[in-house]
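Protein chains: 2
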Amino acid sequence: MEHSLLKEGLARVQREVDSVFDAILPVPQDSRARLVEAMRYAAIGGGKRVRPLLLVSTAEMFGVNRDAALRAACAVEAIHVYSLIHDDLPCMDDDSLRHGKPTVHVEFDEATAVLAGDSLHALAFEILADTDTSEDPFTRSELILTLGTASGKDGMAGGQMMDMMAEGEDYDLHTITRLQQLKTGALLAASVEMGAILGHVQPEGRGHLRAYARDIGLAFQIADDLLDVEGDAEIAGKALRKDERQGKQTFVTLMGVDKAREQARALVDQAIGHLSVHGDDAKMLAAVARYIVERDR
Amino acid sequence: MEHSLLKEGLARVQREVDSVFDAILPVPQDSRARLVEAMRYAAIGGGKRVRPLLLVSTAEMFGVNRDAALRAACAVEAIHVYSLIHDDLPCMDDDSLRHGKPTVHVEFDEATAVLAGDSLHALAFEILADTDTSEDPFTRSELILTLGTASGKDGMAGGQMMDMMAEGEDYDLHTITRLQQLKTGALLAASVEMGAILGHVQPEGRGHLRAYARDIGLAFQIADDLLDVEGDAEIAGKALRKDERQGKQTFVTLMGVDKAREQARALVDQAIGHLSVHGDDAKMLAAVARYIVERDR
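Here the protein sequences come in this chain order: A and B.
The first sequence begins at 1 in full-length UniProt numbering and counts up one residue at a time.
The second sequence begins at 1 in full-length UniProt numbering and counts up one residue at a time.
Derived from the structure by calculation, the hints contain no laboratory data.
Computed from a prediction, not measured in an experiment: that's the story for all the values here.
Where a beta carbon is used, it is the ideal one built from N, C-alpha and C, also for glycine.
Treat the hints with care, as some may be off.
Said to hold, decoys possible - From the structure, some residues in chain A lie toward chain B, with a derived Cβ separation under 8 Å: (1) M92; (2) A111; (3) E126; (4) R140; (5) G148; (6) M164.
As the list claims (entries may be wrong) - One side of the interface only, derived from the structure: several residues of chain A facing chain B at Cβ under 7 Å: (7) L35; (8) E110; (9) L115; (10) S119; (11) H121; (12) F138; (13) M162.
Excised from the complex, chain A in its bound form (with noise of 0.2 Å):
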């Protein structure tokens, strides 16, 4: 039951996005077009949109129109594709696949990657700053704050620069949470805490929400390690034992396969006990949480 209504929770999200990009990235008469070509490959189709479904869930209950939820949803995506896009490049993880294709460096080359990435995320900051939405003003400008910090030096970018530092250090326990809660756990957060900003929960009713999604942001890290140890690379798409290879700790190493399962459970457990003051609203949310440690890919 709650497995089928995540299953087309995901899918319809998945076509949604799709389509906001197909319409908002034609492909230009000059020499621009091989620039929005890679912007599309990257962009369209293959990931699995658990950035999207979060803001759009959390949106849908407060009641939030769910174009206006989309954009915001996209504009998440383009920042998190871009990042994988920049992440992928030579200089940093050096992967060839992602999704199951060749990375966009891979397929164009690394300047054209590099720019796609670059024009994507500031893609993200057009789609929220469009003033021809519905948006209140002050919304807007609360989305793209919460959006900038979440990307930046003090959110997945700072975390990535601690992780790649990382490469050979003998970081701890705590060190590797607060890495991780920057470089996976912001802008999921931020997914969510958007959602929230468009249905006009103030701050200080935003508790719970931000309790669930320090929560799965830890637990789908946790599942990235455990697939990076245990998964199929085929159905994965993309390259995995990238951890060992690199001598990285991570959650599993410090803790051991079984001991991490344990803990991404309790915490997806947790997750969703924070959002029963939402009762059967929330159901989506829930089901977002389980599936962040049950996927495999």
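Model the placement of chain B on the given structure of chain A, informed by the hints.
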């Protein structure tokens, strides 16, 4: 007289921009330190700060508070700086010298350069979205949309892509003009536009400022092409003679040195003509226009 006006204007804005970046980029006490150090290395000191001067000078004509103008100016400059970091990467222009010092990927490393660029990119929007400032939220959204559009696929990044595709291509004057309007012109124009937005000048009242910005944008690029051919690399603080080496058409290869210089001067005169309605209030913008073609770096 005008010369010292410009010199003082530039010196003041250079000091102010450095001081804002210094304040908003404290080095954290964890392994993100290297990231923030790279951001500071690129953002503080060295730049001419033409875009900030354009923004604050335009804003000043409309009585905008200096601090508000300066924050927006730093957002534009953060975008400019991030684009230089990414542009200098080995997979892009592969430059090792910028503002007379090693480029970010040489001084740090490539991965740090990618992330420092990405973080400065996010910082630009964080600065503009900051809701603690005095801007009304509508003005804030308009600033963000203007900067997002000017920097993305329909602006700077699009122009860089066209430029990258230009190697060995036989672009005509029309295509080169379009390319440069995107690559350099869009952000210069956004600087002027954002000054007017802060001054609550309605779009229909910005026509002459846009005309001014378009003319100086082209003049700026012609001057850059001339510098590339005739400049002193020591003074410019970066590698020159690049266009010829890369086999790219430029205003100079298409028009010849004399005609290009004549054209740049004519554009500057035309740009200054657009400011006549402002009388003496526009003398800094006029001085910037002249500086743009007379600079040696």
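Consistency of the hints with the structure:
Hint on M92 (chain A) holds. Least Cβ distance to chain B is approximately 5 Å, under the 8 Å limit. A least Cβ separation of about 5 Å between A111 (chain A) and chain B falls short of the 8 Å threshold, and the interface hint therefore holds. Taken as an interface hint, E126 (chain A) checks out: its beta carbon lies about 4 Å from the nearest beta carbon of chain B, inside 8 Å. With 8 Å as the threshold, the beta carbon of R140 (chain A) comes within range of chain B, its nearest partner Cβ sitting at about 5 Å, so the hint holds.
Hint status for G148 (chain A): holds, given a least beta-carbon distance of 4 Å to chain B, under 8 Å. A distance limit of 8 Å between C-beta atoms decides the matter here; for M164 (chain A) the minimum to chain B is near 6 Å, and the interface restraint holds. Nearest Cβ of chain B to the Cβ of L35 (chain A): about 4 Å, under the 7 Å cut. The hint holds. The beta carbon of E110 (chain A) comes within 4 Å of a beta carbon in chain B, closer than 7 Å, and the hint placing it at the interface holds.
Using the Cβ-Cβ criterion of 7 Å, the hint placing L115 (chain A) at the interface with chain B is satisfied: the shortest such distance is roughly 5 Å. A hinted interface residue such as S119 (chain A) counts as satisfied when its beta carbon comes closer than 7 Å to some beta carbon of chain B; here the least separation is about 4 Å, so the hint holds. A distance limit of 7 Å between C-beta atoms decides the matter here; for H121 (chain A) the minimum to chain B is near 5 Å, and the interface restraint holds. At about 4 Å, the closest approach between the beta carbon of F138 (chain A) and any beta carbon in chain B falls short of 7 Å, and the interface hint on this residue holds.
Interface hint at M162 (chain A): satisfied, since its Cβ lies 5 Å from the closest Cβ of chain B, which is below the 7 Å cut-off.
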